[in-house]
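K.L.:
Residue strings, one per chain:
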Amino acid sequence: MVICIIGLVVFSILGLFSAHWRKLAKEAFHCVYRTMTLRPCETGFDQRLKASITSKAMGLSPSIGKIVFKYFKQISWIFVFAFFASTAAVGYGIYNYWAFGNCNGPQSSAFCVFNEIAGKNGISINDVSTLNHPVRGNPSAPINIIEFACLQCPYSKEAEPVVRQVLDAYPDKVKLTFFFFPLPQHRNGQLTARAAMCAAEQGKFWEYHDLLFEKQSTFDNSVDATTAAGNMKKYAVQAGVNSTKFDDCLDNLKTQNRVLDDYDIGKKLGLQGTPTFFIGDTELVGPQTFETFKAYISQ
Amino acid sequence: MNAEKLREDFPVLQKKTNGKQIIYFDSACMSLKPRQVIKKMNESYEDYTACAGRSAHQFGSKVTEEYEAARENIAKFIGSKKEEVIFTRNTTEGINLVANSLDLKKGDTVLTTDREHNSNLIPWQVLAERIGIKHKIVFSKKDMTFDLENFKKSLDKTVKLVSFVHSSNLDGYSLPVKEIIKISHENGSLVMLDGAQSMPHKKLSMKDLDVDFFTFSGHKMLGPYGTGVLFGKFHLLEKMSTFIVGGETVENTTYEKHWFLKPPHKFEAGLQNYSGMIGLSAACEYLDKVGKEGIQKHEIELNEIITRGVDEMEGVTILGPHQPEMRGGVISFVVDKMNFHDVALILDKNANIMIRSGQHCVHSWFNAHKIQGSARASLYLYNTKDEAEIFVEELSKTIKLR
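Those protein sequence lines, which keep their order, are chains A and B. Residue numbers are given in our numbering: position 86 of the first sequence equals residue 86, and the series is strictly consecutive. Residue numbers are given in our numbering: position 214 of the second sequence equals residue 214, and the series is strictly consecutive.
Everything labelled a hint here was simulated from the structure, so no lab data went into it. Since the structure is predicted, the reported quantities are computational estimates derived from the model, not experimental observations. Just so it is clear, CB atoms sit at the ideal spot from N, CA and C, and this is done for glycine as well. Hints may contain errors.
Unchecked claim - FRET-style restraints, in silico, Cβ to Cβ:
#1 P321/B x V80/A: 15 to 23 angstroms
#2 H30/A x K337/B: 27 to 35 angstroms
#3 L16/A x V245/B: 49 to 57 angstroms
#4 I64/A x N339/B: 19 to 27 angstroms
#5 V80/A x Q372/B: 22 to 30 angstroms
#6 K337/B x H20/A: 28 to 36 angstroms
Unchecked claim - Restricting the straight-line Cα-Cα distance to at most 25 angstroms, the calculated cross-link-like pairs of lysine-lysine (PhoX-like) are:
#7 K56/A x K20/B
#8 K349/B x K370/B
#9 K157/B x K56/A
#10 K73/A x K207/B
#11 K16/B x K26/A
#12 K337/B x K73/A
#13 K16/B x K5/B
#14 K207/B x K141/B
#15 K66/A x K400/B
#16 K136/B x K157/B
#17 K70/A x K337/B
#18 K153/B x K136/B
#19 K289/B x K349/B
#20 K136/B x K182/B
#21 K66/A x K5/B
#22 K245/A x K204/A
#23 K142/B x K56/A
#24 K207/B x K289/B
#25 K70/A x K349/B
#26 K397/B x K66/A
#27 K173/A x K294/A
#28 K349/B x K73/A
#29 K70/A x K400/B
#30 K73/A x K400/B
#31 K400/B x K15/B
#32 K349/B x K23/A
Can you build the whole structure from these sequences, using the hints too?
P.N.:
This is the structure in structure tokens:
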């Protein structure tokens with residue numbers, strides 16, 4: 001009977017901790033084997049499980065007990081499907097972890113449930129205007145890679161060398177347009193975006209961008225906002241930005257809104273993390289290899 | 001008889017199982033054990049472990065003395081002579097002993113009823129296959145009572161043995177054995193009764209019954225596991241061949257010959273279950289002290305409560321005669337649209353009520369009647385009115401799950 005499949009899984013897991021459950025897991029396996037070979041489970045294991053579950057349900061209320069007893073087989077099937085579906089989801093998660101790493105950042109060993117930012121809101125990358133966004137490479141190059149990145153994001157930093165390699169390899173063919181997408185889990189993400197926006201005001205975006213990636217550890221999540229802001233100002237000076245104008249700009253509401261505008265676009269596009277690249281209609285999430293870019297550029 | 005008071009003698013009833021008191025309604029299969037029986041058994045292991053009838057040292061003498069005292073006590077309990085009590089492991093062994101030692105020949109007939117436990121069915125089927133005896137069945141009436149007329153018609157001169165169940169474990173019904181024995185003897189047939197379900201509940205005297213063989217188990221009458229008795233009239237036992245042979249069955253042997261002891265010893269081969277029989281003797285003493293008449297009356301009173309309750313439930317049918325006094329302490333029932341195992345298991349898990357479910361080793365009857373099985377509550381001296389009422393209440397909750 002189907003309930004034995006659930007029993008087998010549950011008791012096998014519990015069996016890791018106690019011999020009592022291992023015995024039940026063995027019984028469940030026997031029952032599953034009998035069921036699969038189209039024979040009834042002669043040990044009565046399935047009926048005992050059914051009685052246990054029904055009596056627990058009766059304890060909640062007689063009517064719940066009645067439903068459980070009457071539709072036991074159907075409920076068991078639902079659980080079996082739910083089990084396989086969740087196993088598949090877990091498998092997919094493990095694959096993602098293997099393929100893309102930990103979404104908390106490569107330094108973190110903690111697991112993270114992928115932060116659902118927003119679903120797609122009906123817009124596509126083709127609806128997004130790249131006007132007034134920093135561009136790297138030949139502005140008249142025909143292929144435009146649009147990058148959504150967070151300057152505090154280690155993956156965005158990790159992706160950078162390949163991006164540079166691509167731009168160097170195709171000087172007349174490829175350019176890169178930058179959008180801010182400061183992730184909420186990065187406490188200084190917004191600050192870095194505002195600071196880079198202010199550097200861009202003075203035509204120093206890329207210098208500042210490169211400097212921030214280089215100094216990323218000085219404003220990571222362990223660094224408080226005040227210290228991080230101090231560091232932003234220090235790097236502005238290093239990048240050759242006028243510090244008075246920079247300071248004015250940094251706390252300006254207008255700057256903040258412009259960052260939020262970028263973020264909003266990202267949300268509407270349904271971005272799941274940074275960096276996200278768009279080449280034409282193709283969306284690439286996370287750091288990519290040179291070959292991947294090359295393949296899409298050649299198309 | 002005061003059940004509440006008696007319960008104090010049963011250690012298992014003083015404990016809680018899964019945090020609750022148990023309601024044990026499966027005594028037709030296995031009875032609980034009072035501390036008096038357990039104590040006697042333990043004493044034999046702790047104080048005088050030895051071989052009976054062989055070793056001459058003090059422990060040897062003590063165990064021989066206790067073992068033979070147990071035989072005498074049990075003989076008194078069943079109204080027979082000491083030499084007529086053969087110790088076995090259970091009722092099944094007693095039946096097999098008679099089946100194999102009675103020297104039945106090809107063409108001899110053995111009669112059984114239509115609701116025999118497998119233990120009083122298979123031995124005859126095997127003999128029919130091996131030596132060609134005839135095994136005939138006396139079918140019951142429609143109301144499941146014994147059909148005396150049908151029985152009389154089945155009797156002919158080839159019927160060497162009438163082997164009937166005294167009280168059925170299927171529905172608790174007891175056969176009119178006195179009449180059956182009288183009629184059989186008039187025909188020149190021997191009678192064996194399977195008393196597994198009757199000895200624990202009925203006051204019986206082998207002498208008064210005039211039965212030729214009577215076999216019962218200890219474990220259903222407060223005694224230990226693996227204990228049983230075969231009663232046989234001495235002159236029959238004397239003539240009968242041996243069954244299992246070896247140590248303790250002989251007076252003397254040479255390389256060529258052996259001289260068997262007299263009954264019962266010639267039937268008791270090998271080292272015996274001394275502590276078991278000493279325990280069974282203690283169980284007989286206990287039952288005697290309580291009084292079996294009182295026990296049976298008590299069981300019927302509880303059965304009345306349950307039968308009344310079950311009668312009010314829709315789609316629940318009691319197997320066998322409807323009157324509780326005809327079923328003693330057994331209530332075997334079928335619930336429409338609900339599997340018998342589900343009924344038993346839910347009562348167990350939900351209310352700590354233990355009953356039996358299945359075909360109760362009477363597969364043949366269930367197959368013939370095209371019924372898959374039944375749930376069976378069976379009572380004994382330690383059950384109470386409160387328990388019977390709780391059972392009715394919990395059963396009615398359980399069947400509402402349908």
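K.L.:
Next, verify each hint and record whether it holds.
P.N.:
Comparing the hints with the structure gives:
A beta carbon spacing of about 46 angstroms between P321/B and V80/A contradicts the range 15 to 23 angstroms that was offered as a hint. Checked against the hint of 27 to 35 angstroms, the C-beta distance between H30/A and K337/B comes to roughly 28 angstroms, which is consistent with it. Between L16/A and V245/B the C-beta distance comes to about 54 angstroms, which sits within the given range of 49 to 57 angstroms. Checked against the given bound of 19 to 27 angstroms, the beta carbons of I64/A and N339/B, roughly 20 angstroms apart, stay inside it.
Distance hint check for V80/A and Q372/B: the Cβ-Cβ separation is about 27 angstroms, which falls inside the suggested range of 22 to 30 angstroms. Judged by the Cβ atoms, the range 28 to 36 angstroms given for K337/B and H20/A holds: they are separated by roughly 35 angstroms. Distance hint between K56/A and K20/B is fulfilled; the C-alpha atoms sit about 15 angstroms from each other, no more than 25 angstroms. The straight-line distance between the Cα atoms of K349/B and K370/B is roughly 29 angstroms, outside the 25 angstroms bound, and the hint therefore fails.
Taking the CA atoms of K157/B and K56/A, the gap is near 61 angstroms; set against the 25 angstroms cutoff, the hint is violated. Distance check on the hinted pair: K73/A and K207/B sit about 58 angstroms apart at the alpha-carbon level, beyond 25 angstroms; violated. Restraint check for K16/B and K26/A: the C-alpha separation of about 29 angstroms exceeds 25 angstroms, so the hint is violated. Proximity of K337/B to K73/A is assessed by CA-CA distance (about 15 angstroms); at most 25 angstroms being required, the pair is judged to hold.
With a C-alpha separation of about 18 angstroms, the suggested pairing of K16/B with K5/B holds against the 25 angstroms cut-off. Among the hinted pairs, K207/B with K141/B is inconsistent with the structure: their alpha-carbon atoms are about 29 angstroms apart, more than 25 angstroms. Among the hinted pairs, K66/A with K400/B is consistent with the structure: their alpha-carbon atoms are about 7 angstroms apart, no more than 25 angstroms. Between K136/B and K157/B, the direct Cα distance comes to roughly 13 angstroms. Compliance with the 25 angstroms bound is thereby established for this hinted pair.
Of the supplied pair hints, the one linking K70/A and K337/B holds, its CA atoms being roughly 11 angstroms apart against a limit of 25 angstroms. With a C-alpha separation of about 12 angstroms, the suggested pair K153/B and K136/B falls inside the 25 angstroms cut-off, and the hint holds. In summary, the hint linking K289/B to K349/B is not supported, as the alpha carbons are separated by about 35 angstroms, beyond the 25 angstroms threshold. With a CA separation close to 19 angstroms, the supplied pair K136/B and K182/B stays within the 25 angstroms bound.
Among the hinted pairs, K66/A with K5/B is inconsistent with the structure: their alpha-carbon atoms are about 38 angstroms apart, more than 25 angstroms. For the suggested pair K245/A and K204/A, the alpha carbons sit about 13 angstroms apart, so the restraint of at most 25 angstroms is met. Simply put, K142/B and K56/A have alpha-carbon atoms about 41 angstroms apart, too far for the 25 angstroms limit, and the pair is violated. Between the alpha carbons of K207/B and K289/B the distance comes to roughly 21 angstroms, so the proposed pair stays at or under 25 angstroms and holds.
Simply put, K70/A and K349/B have alpha-carbon atoms about 17 angstroms apart, close enough for the 25 angstroms limit, and the pair holds. Using a Cα cut-off of 25 angstroms, the hinted pair K397/B and K66/A holds, with the two alpha carbons roughly 10 angstroms apart. With a C-alpha separation of about 11 angstroms, the suggested pair K173/A and K294/A falls inside the 25 angstroms cut-off, and the hint holds. Under the criterion of a C-alpha separation no larger than 25 angstroms, the hint pairing K349/B with K73/A is consistent with the structure, at around 19 angstroms.
Among the hinted pairs, K70/A with K400/B is consistent with the structure: their alpha-carbon atoms are about 10 angstroms apart, no more than 25 angstroms. Of the supplied pair hints, the one linking K73/A and K400/B holds, its CA atoms being roughly 18 angstroms apart against a limit of 25 angstroms. Proximity of K400/B to K15/B is assessed by CA-CA distance (about 30 angstroms); at most 25 angstroms being required, the pair is judged violated. About 19 angstroms separates the Cα atoms of K349/B and K23/A, which keeps this hinted pair within 25 angstroms; it holds.
Going down the numbered hints, you'll see the structure goes against 1, 8, 9, 10, 11, 14, 19, 21, 23, 31, while the others check out.
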